[in-house]
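2 protein chains.
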Amino acid sequence: MKFGGTSVGSVDRIRNVARRALEAQKAGNDVVLIVSAMSGETNRLLSLANQVTPVPGAREMDVIAATGEQVSAALTALAVHHEGGKARSLLGHQVRILTDAAFSKARIRSIDATAIREALSRGEIAVVAGFQGVDDGGNITTLGRGGSDTSAVAVAAALGASACEIYTDVDGVYTTDPNVCPTARKIDRISFEEMLELASLGAKVLQIRSVEIAMKYNVPIHVRSSFSDAPGTWVVGEDQGLESVTVAGVAYDKAEARVHLVGLEDKPGVSAYLFEKISEENISVDMIIQNVSKADGNRTDVTFTLSKSDLQRSRSIIEEIARSAGAQDVRYDEDVSKVSIVGLGMRTHAGVASKMFRLLANEGINIQAISTSEIKISCLVAAKYTELAVRTLHEGFGLSKAPPSKP
Amino acid sequence: MKFGGTSVGSVDRIRNVARRALEAQKAGNDVVLIVSAMSGETNRLLSLANQVTPVPGAREMDVIAATGEQVSAALTALAVHHEGGKARSLLGHQVRILTDAAFSKARIRSIDATAIREALSRGEIAVVAGFQGVDDGGNITTLGRGGSDTSAVAVAAALGASACEIYTDVDGVYTTDPNVCPTARKIDRISFEEMLELASLGAKVLQIRSVEIAMKYNVPIHVRSSFSDAPGTWVVGEDQGLESVTVAGVAYDKAEARVHLVGLEDKPGVSAYLFEKISEENISVDMIIQNVSKADGNRTDVTFTLSKSDLQRSRSIIEEIARSAGAQDVRYDEDVSKVSIVGLGMRTHAGVASKMFRLLANEGINIQAISTSEIKISCLVAAKYTELAVRTLHEGFGLSKAPPSKP
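Respectively, the protein sequence lines represent chains A and B. Take the position in the first sequence, starting the count at 1, then add 30; the result is the number in our numbering. Take the position in the second sequence, starting the count at 1, then add 30; the result is the number in our numbering.
Errors might be hidden in some of the hints.
Calculated pairs, DSSO-like style, for lysine-lysine (alpha carbon to alpha carbon, straight line, at most 30 Å) [claimed, not checked]:
hint	chain 1	residue 1	chain 2	residue 2
1	B	LYS338	B	LYS135
2	B	LYS135	A	LYS116
3	A	LYS135	B	LYS116
So, partial list: chain A residues that the calculated Cβ filter (under 10 Å) puts toward chain B [as the list claims (entries may be wrong)]:
hint	residue
4	LYS56
5	PRO86
6	GLU90
7	ASP92
8	VAL101
9	ALA107
10	ALA109
11	ALA117
Treat the hints as calculated values from the structure; they're not laboratory data. Even glycine gets a Cβ: it sits at the ideal position worked out from N, Cα and C.
Hey, can you work out the whole structure from these sequences and the hints?
Next up, the structure:
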């Protein structure tokens, strides 16, 4: 059971966490809690460090940031005691959660679940500090913002837990953003793969890296509300009774910008050169679209998208790279939006793409670029059409209606 | 170099600590910093725990409290970076400072100085979190309030450091309380033994347990101000050039109460029975005075002192014990004060006690009880005479004048 920052944001909420854990234990479960820092605490600690030095070193930043989860783990254990239960806090170096040495964005290498198992065998609720680990040299590391989800799934995997419950302030994953589309519907069950592709929907409730781990170790995740007992959204393997739908959800991303390189030489290796250079500059590219050569010569156009914030800092670099790759012109468009449909059903249902294009065309929405994966189709459209496109696709693929469960 | 809570109480002060450490390093020293939590932080954390449960378990309390030093150690390391130096924070479990499992009042068993030595060999300033350690089972422990002094001396001993500098907000140890006696003088050098007996003077600047460790391992302590470069007070072994004085300081304690047991049976084992029982109740007794039997029978009186706060909670227990030991009456006096003179010179100078009694008598101060050790004489007097007695003894033993140094 993982509780995020707002779920442990006050003494009352910490007590609520303790009660929920004890209920789960009374129902016959061994219970491991994973807790984040109390909301606001990580920012307070960061700002303290920034007052000391504008660019604090990552090793010491992790030592400071890890105290947020250390305090909430111990407070939660105390709250369990207060409710008459048994509990024990366990920190990253006590569990131990071994990571690489990439401070502030460490990745978990292994988890030794012995200390947790010992606590469970004594009838205790193990309260594990999320977000933190320890490297080979005993240095404290953190997993990056939202890393507590990753801690939770990794601990669940190490224990072979029957489920990893992620408690949050929303009641599950929706077919699309309810703020954009009022008929958005809570999804009961969704596959790991779909969840990964719906990153932009899911990121608000679930750290995407944790879904990768859950998929790798086949740990069912239950995303649900800390404030209600209602079931939320199960994120599970494909074989675990998924809804029988073609499209599971509609996502959008307004944070991307489009770069259009005009008239590149159309010879082998140009694209490779281009994106190698871009990658060397640590510019992270999302969609890449290259058309076949124009009829009028051996030149081609390449379009790609990247985050708007990356564009600001890397415009001159991109132009230099484009020039050296022989581009005749570089054009930018920041008023774009990526709208995507995601669903396992696409793999077996033909005509999903053409239906998507037709739905958008019917509304007069011009598609600037298309990119597809096995279970996702994304269209770049003018930013002003974002909401209209999302609602159109949501209705067009019948997502507001509850689907029949698979037999 | 150990800096307490007020010395790291703000970002500016933490920067000051970093600068002092770098100066010491530039002067050719290997430097280890030991830091406390920022002032107020420990209380903030305790109050958070108390909001969760009125009597928080000691194991979890230590997990919470230890974060105070964890944050200030990392902030101090960052401040050293900011000043252009190299530094690395080290926590109790990283050093590692092995303690027993007595949460909230653990005692250090051993220190593995490898991690500190490695940091020093890289030219780094090692910033060790004070107050904390780790037990055999990897649980976080704390050493009790003021425990950072103990951490500092223990680390200095483990490293064979040439000195342990304790930085504080006063500039040293004084011959008596300057608030009571304006002619009180800063002591340049004092022995470990005298410092231990002057606990009530020293406690404000130096944790007494740390002096015991310093004495055991012969680590010279330099108590000095964080806000000036002036030398403070050296606490050293007897052979290290001490001032040539009979009396080193005058201490007083207003926090004690007197208990007078009247008419106990005067037979072997009565005192033993009495104080065994009192000790079983965890009542801590200071002075114990038993007079020879009264001429009028085989009954004797016993007087002892204990802290006023202990008296409140243990009055009924004391009366029960007194009854079972055959006492005819139990009398209390809370308006008492203990005034003491301390000095190695007493061992060789006769007449120190009689001079003390005469000085007090000359001022009309009645002595209610006397207790002596090899280097300390304490008199119990009416509380209203405390300040007069302190000033009288301070002048009478010539403490306001700087003593000649031993050749």
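Here's how the hints hold up against the structure:
no., hint, verdict
1, B:LYS338 with B:LYS135, "22 Å, holds"
2, B:LYS135 with A:LYS116, "23 Å, holds"
3, A:LYS135 with B:LYS116, "23 Å, holds"
4, LYS56, "20 Å, violated"
5, PRO86, "5 Å, holds"
6, GLU90, "4 Å, holds"
7, ASP92, "8 Å, holds"
8, VAL101, "5 Å, holds"
9, ALA107, "5 Å, holds"
10, ALA109, "5 Å, holds"
11, ALA117, "8 Å, holds"
Violated hints amount to a single one, hint 4; each of the other numbered hints is respected by the structure.
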